[in-house]
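Chain by chain, the residues:
Protein chains: 6
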Amino acid sequence: MPKQMVGALRVGEPVDSVFLVAECALRSTRAGGSYLNLILQDRSGQIVGRLWDATEAFAATIAVDSFVHVKGKVESYQNQLQLNARSITRAETEGLHLGDFLPQCERDPGEMMRELTAILAQVQDPDYKAVVDAFLSDKDFCADFRTVPAAVQNHHAYLGGLLEHTLSMAAMALKVLEHYPALRRDLLLASVFLHDIGKTRELSCKRTFRYTDAGNLVGHITIGVLMLEDHVRALPNLPEEKLNMLRHMILSHHGELEFGSPKLPMFAEAIALHYLDNLDAKLKDISETIAEDKNADAGWTDYSYSLKRRLYKG
Amino acid sequence: MPKQMVGALRVGEPVDSVFLVAECALRSTRAGGSYLNLILQDRSGQIVGRLWDATEAFAATIAVDSFVHVKGKVESYQNQLQLNARSITRAETEGLHLGDFLPQCERDPGEMMRELTAILAQVQDPDYKAVVDAFLSDKDFCADFRTVPAAVQNHHAYLGGLLEHTLSMAAMALKVLEHYPALRRDLLLASVFLHDIGKTRELSCKRTFRYTDAGNLVGHITIGVLMLEDHVRALPNLPEEKLNMLRHMILSHHGELEFGSPKLPMFAEAIALHYLDNLDAKLKDISETIAEDKNADAGWTDYSYSLKRRLYKG
Amino acid sequence: MPKQMVGALRVGEPVDSVFLVAECALRSTRAGGSYLNLILQDRSGQIVGRLWDATEAFAATIAVDSFVHVKGKVESYQNQLQLNARSITRAETEGLHLGDFLPQCERDPGEMMRELTAILAQVQDPDYKAVVDAFLSDKDFCADFRTVPAAVQNHHAYLGGLLEHTLSMAAMALKVLEHYPALRRDLLLASVFLHDIGKTRELSCKRTFRYTDAGNLVGHITIGVLMLEDHVRALPNLPEEKLNMLRHMILSHHGELEFGSPKLPMFAEAIALHYLDNLDAKLKDISETIAEDKNADAGWTDYSYSLKRRLYKG
Amino acid sequence: MPKQMVGALRVGEPVDSVFLVAECALRSTRAGGSYLNLILQDRSGQIVGRLWDATEAFAATIAVDSFVHVKGKVESYQNQLQLNARSITRAETEGLHLGDFLPQCERDPGEMMRELTAILAQVQDPDYKAVVDAFLSDKDFCADFRTVPAAVQNHHAYLGGLLEHTLSMAAMALKVLEHYPALRRDLLLASVFLHDIGKTRELSCKRTFRYTDAGNLVGHITIGVLMLEDHVRALPNLPEEKLNMLRHMILSHHGELEFGSPKLPMFAEAIALHYLDNLDAKLKDISETIAEDKNADAGWTDYSYSLKRRLYKG
Amino acid sequence: MPKQMVGALRVGEPVDSVFLVAECALRSTRAGGSYLNLILQDRSGQIVGRLWDATEAFAATIAVDSFVHVKGKVESYQNQLQLNARSITRAETEGLHLGDFLPQCERDPGEMMRELTAILAQVQDPDYKAVVDAFLSDKDFCADFRTVPAAVQNHHAYLGGLLEHTLSMAAMALKVLEHYPALRRDLLLASVFLHDIGKTRELSCKRTFRYTDAGNLVGHITIGVLMLEDHVRALPNLPEEKLNMLRHMILSHHGELEFGSPKLPMFAEAIALHYLDNLDAKLKDISETIAEDKNADAGWTDYSYSLKRRLYKG
Amino acid sequence: MPKQMVGALRVGEPVDSVFLVAECALRSTRAGGSYLNLILQDRSGQIVGRLWDATEAFAATIAVDSFVHVKGKVESYQNQLQLNARSITRAETEGLHLGDFLPQCERDPGEMMRELTAILAQVQDPDYKAVVDAFLSDKDFCADFRTVPAAVQNHHAYLGGLLEHTLSMAAMALKVLEHYPALRRDLLLASVFLHDIGKTRELSCKRTFRYTDAGNLVGHITIGVLMLEDHVRALPNLPEEKLNMLRHMILSHHGELEFGSPKLPMFAEAIALHYLDNLDAKLKDISETIAEDKNADAGWTDYSYSLKRRLYKG
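Residue numbers (our numbering), protein chains in the order written: chain E, 505 to 818; chain U, 505 to 818; chain G, 505 to 818; chain F, 505 to 818; chain H, 505 to 818; chain P, 505 to 818.
Keep in mind that a hint or two might mislead.
Because identical chains cannot be distinguished in the list, a pair is counted as satisfied if it fits within a single copy or across any two copies.
[Unchecked claim] Here are the simulated DSS-like pairs of lysine-lysine, each with C-alpha atoms no more than 27 Å apart in a straight line:
id, residue 1, residue 2
1, K679, K633
2, K577, K798
3, K710, K507
4, K679, K786
5, K643, K577
6, K643, K786
7, K575, K812
8, K575, K633
9, K798, K812
10, K575, K643
11, K507, K786
12, K679, K710
Don't read these hints as lab results, they were simulated from the structure.
Isolated chain E, as found in the complex (with noise of 0.2 Å):
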């Protein structure tokens, strides 16, 4: 039995599938009935699913972030899809691929990370290549860090998302030192691979993505700090003035203080950092809201909350 991709599902079809689920509550109905409301999703989007007269102690086996087997017919409600179920089971994990189950970039992340890999080659000061090849050798974070979204949403939230943006900004990265060739490309580069590596434990995708207790406790500018201190280690001889502006550049990225950097940037390439990572997640934040928006005849989006305006598709 293939899978049957949400992205595809149109009104009338019979579904026979395996889902993940993202959210999941009983609900009553006026009359005293009660159905079970879902969530479910693979790596093409989400769909509610319902299932009628479902008892409490049936619900209590469905839980968040596991695979269900559904069985049941696609409907419109209200203008949008929603897969009434006849059946609902727990599924076998085995045979599963997880990646058919969670959105995820288009690209190859292998591919990514090789083109990464041969911008981070032209660094050539010894001290920030070697901060570079320390995490560049480190096998656990390379896994996550082409795994991970850049976000939980608004911007590259999808697994391989912060890879897409890392490497985005990377290569703007080098037509900016082109421009501007007053500005160090060591540090520059160095940094734009830094800058956000913090987010690999800020957030958890290995289901639906949420921000881990460390996230939102600590936060991926100071985790990021801490994950470079966990990789200098080794380099004794690393100069402290490079080490405190590597720091400095992670730190400073946000651009103000009341969005959550705790210092401001303080010379050229943490200024140049800011832009490019600002430029960089706000033409895909437009491009994907633009994408998404529900009337798609409209001239101009709903309002968009991350962006804080309305934008105009013309």
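Following the hints, position chains U, G, F, H and P against chain E.
What follows is chains U, G, F, H and P alone, placed relative to chain E:
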């Protein structure tokens, strides 16, 4: 008598040359005497000048923005050079080159203009092309555009500064367009050219730089939109939507209402323009702030009021 | 069949009349059925309409801003009136008066326009007079000016609202001028007239009120300055200083950058205009908020999002 | 010996007259000598005074807010007048008129008080009338009310300033009431009278103007509410609701929490009072700022710290 | 028939008891029927109540803040308990104890009052002592003071909450005074007692808790200062300076203008009072937010609007 | 020759002693001469020093942070003492006690350290205890910790200031824990100890106090988290959750993002730490501001830039 440049004066050097008067005031000594205190300027910089035992009647003959012939000697006062004048007389303006007296871009305006024109020649959309050409073929505009500074102080505050800033942004825009191919090339290039054209009327640079009344009352953002209006009158077929997008790009390029933009950027090219502008202006401000910092030995600059922070020179 | 006005409908009343569709959506019931949910409007107000067992095909025939003929009965749902439709058909527009379907100022536009013209006739300075006359003699402008609302919601959100707001400010300005004789009469009166003219193009009121693309992208403040430009082109002798002061009055009338004015008011008349505008708008907003508050018996209104507070009715 | 007024002194004029000491400090010259530096004041203005070769013992005899008899000559120092004293002695206060030494309103307080009383006589509601009369019949209050300035600096900073400001607002309130007839006349008029009464205890104007301890610790807004409390104690029949509305008008008249109002205006008359106050204060501040600007020829004033902008004089 | 407490109700339990009506509204079902939706309350909590097939006439007989006798059964709806009523009738108030129906402090008010009185007995300065005694000997005040909640929601929102909050601050103040001996003991203790007395008139707690008109228009800070005024009238020898300091403590205890204090704390005891208040209120808010969080298993609470963050329960 | 202390110098006193140079600049007189202007310091305070007729060559031999032997006489200039030097020579550092030249805490560091250690000995949780012990047993850390000031200026700006501030908070924390028993004792005590440890590397106090490059680029909050990392490396069994909570306490103790905390306090102990820190720092700042205010007789201090207000001394 060759022009002696301020930037080349050394302690003990006799002076016999012409300077532009940037400021002028009669001051008294505690002992009851009085002296004329001036800021003298040429394109290489400014120096304090002093003429002892000056009378009010004499002081009244020395106007700000006039040229004076100064004879005297360079001395050092509180670690700064100072020109102690033996005599100050009004200079004949005949034979003077204004260009010798105002700070100027290091690059040749003609060459920069050719480079900018070459970039703008890439605009293919006939509507945006017509708008660009309407300005490029306006000789009065072009003369102002290649002359005016980008600011009275902070960054690019020299003749040709606006052109240099605009050219830098245009060249950088080409790279951004290469990297983000979804951005509309012609819209962005035309808007980079137009975003600050209002500065040609916001700033006066005939002599020392200052804001015009129109600059203070209306501001370069609105002046720019009005100049656009003026130039598109001859283009009756320009679609209203494109005109509104160009207006929006000019209006929103400061990025936030509190920085004087009456509208937030509402589409991708407007966001890109905002970051291109900020990146170029901030990097220039940083490099000038560090270059001009008085304490050459210090690791940090003095507090910068435009950047609202001290900068690390390391 | 006479028009049945929304404001006069009572529970149990049979309805057989034409309404304007302000909003329209097909919704499903939990039981699997579907119904059409509409906001129906005429000049006296809005009412929810519902047609049960509607199909998607039928829903597609009902467009926002079209007229529909509704037969059914008024019922009460959660203490609000609701029109339960037996049938909904597209209405012939022939014979309909648009004025029956959009909220309108209680006062007659012609009379208000005569009063405003009479006040503006007091402008004596030939330059300001010429500017005022350029607008008053522009028939298209006048037609728009007497029609457009002052806002989509909050205050004066009805046809003729802008004219009523402007007239009220002009009459109040006469009193302010009497009390503060140092204020320049002609400058203030002309500016009161001009301050919001951009709203004629920022807002669309052909059917239900909404922002135009130009309104969202450029805004009424800049549009107003552009309309002024358009009208003074025929006045080559208008002194630049007076034109800049008029532009400044329009630009600065919101009083603060964060409210969308790119310039702060910089002379007495600009400050006076700002307070005249705010006083009239806020008092109107307060009286409308109290009048429309749902809990007629309560001593306090609900929280008002435009005023950012609850109001005391005592 | 007639009083020589500061405002009438001219360069070279011999001086033999009495002044009020606003500031006083012993300063040393670089050469090791010392001199007394004073700010001398009378109702027409302030002038710097200097007595050379003063001793610390002598300086200790000259107190701020005392009167001194100065003999000397007017000179010019850095384009400002300065009184070079030959001798300074403590003046007999007998025979001095305090009114000669403090800035005063140009209008006669008695006449202004009669005008204000006439306006307040229009209050018809017996409750509000009783409150107004309780203050008008309190001789101590009235004596203070007609004397105190409206501020230590910025606007109406002269004897009688509070009365002039209140009278101006009351007269303007009549016009606002005429134009907005829904406003409750008696509530607004009574509140205009009461809104700043706390300034009679917030400011001390016996000699040079300054804040009292109560002014700094409690502030005129709360003091005003307390003075109201004091005066309504004799009015047991005053309805609690009216008293709360009067308190609210006083408390909220600064319009925003960050300007020191603990409550936002919550009904129409409170909003009207806020704008009446701001309009009168700002217009006065503007006209005084322009009148007192040092550079009479300049088109723009210096930066005004109270208005947070430069003003256009055009 | 003993009172059945909301907090002890269990699914399936038959109910035959009296409750206080906190909210009441007639609602319609989609099918056209109607039901009465209530929030029923007693001192142990609130529960949703529903009576099916209610008429508008019947609904009009059930008033908010009245007592009703409900017969029915407890059911579960969307994981929350709900009381499905078979009958609802107005209850006789005779024999009811109001204390059974409003949330109350766990501690006994009499005991708390004795503890607070014991702490205040340490005030030795005869002036501050006289002020404290003026309140403690005012029986009406004391009755209100021991009854009123500290807030309508967020923290200490139960009968006796103000007393509990004040007592906790007073006991903590003793420790602060011990640690910072330079703080003036009597001033701080008296001010802790007085800082929130205005809440006795800002809040109404006869039935469900709400703001009074005086609370909304004047606020507890100013009401507190007025109550102080009232009580010191009988103390003619109280030095003005001490009175101003007490007023200042009350006025400034919110710490910042934007939190409703018209004055910033300007001496050490005022700062200490501000932190004592904030520490006690925030710790209480945190513990209540965690205790009441719906998702007992989650590691983080829902977003708290009063604290503007989510809380970690770990 | 015994050390003459700055704080004990009197007018007319001959001086022959060693001082630390805090600032040094060559200045010219108007008459063309030049003099050396210094700020001389020892642990008791600072005094202006002047050496007349100094040459640039001589000035170059006097470095900031060096020791100089000054012979001269104390005079009074503008009511401030001034040391007029007859001769200034570089001092032999041999035999000098640095402690004589830097401001120091009045209490003995050893004694304070013992008190703090005694409090920390109460920590019972083995994990938190291990963390605390890791620092207490680090001799280099302890040496820095008992030496460094808590700030360059504002509060506790003297050697031992950080220890005094931490000890005061720890002792106060014991009282807070006694009063709020739900707070986790060990977590709070350990965090009070750790919250500002980063200041040992943010501030340099070898000679005059200043920020280090690491202090400016990274800041004491992040440095503190890094130092924690360094010390827990030897504690492999420390649970991740406890480590994250300690990190969070350090990160969030400034309470708001705009004060440099990248995270808001998210549990009760973090809030308590924030208020303990603020209370101690503000009370110290207030008492120092009042003690150092120049106008001993005035009832109010000058404006304090750290507290953003003037203080009442009454």
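Right, here's what the structure says about each hint:
| no. | hint | verdict |
| --- | --- | --- |
| 1 | K679 to K633 | both (20 Å within a copy, 26 Å between copies) |
| 2 | K577 to K798 | within (23 Å within a copy, 33 Å between copies) |
| 3 | K710 to K507 | within (20 Å within a copy, 50 Å between copies) |
| 4 | K679 to K786 | both (19 Å within a copy, 17 Å between copies) |
| 5 | K643 to K577 | neither (44 Å within a copy, 61 Å between copies) |
| 6 | K643 to K786 | neither (30 Å within a copy, 38 Å between copies) |
| 7 | K575 to K812 | neither (40 Å within a copy, 42 Å between copies) |
| 8 | K575 to K633 | neither (54 Å within a copy, 56 Å between copies) |
| 9 | K798 to K812 | within (17 Å within a copy, 30 Å between copies) |
| 10 | K575 to K643 | neither (40 Å within a copy, 67 Å between copies) |
| 11 | K507 to K786 | neither (34 Å within a copy, 51 Å between copies) |
| 12 | K679 to K710 | neither (35 Å within a copy, 37 Å between copies) |
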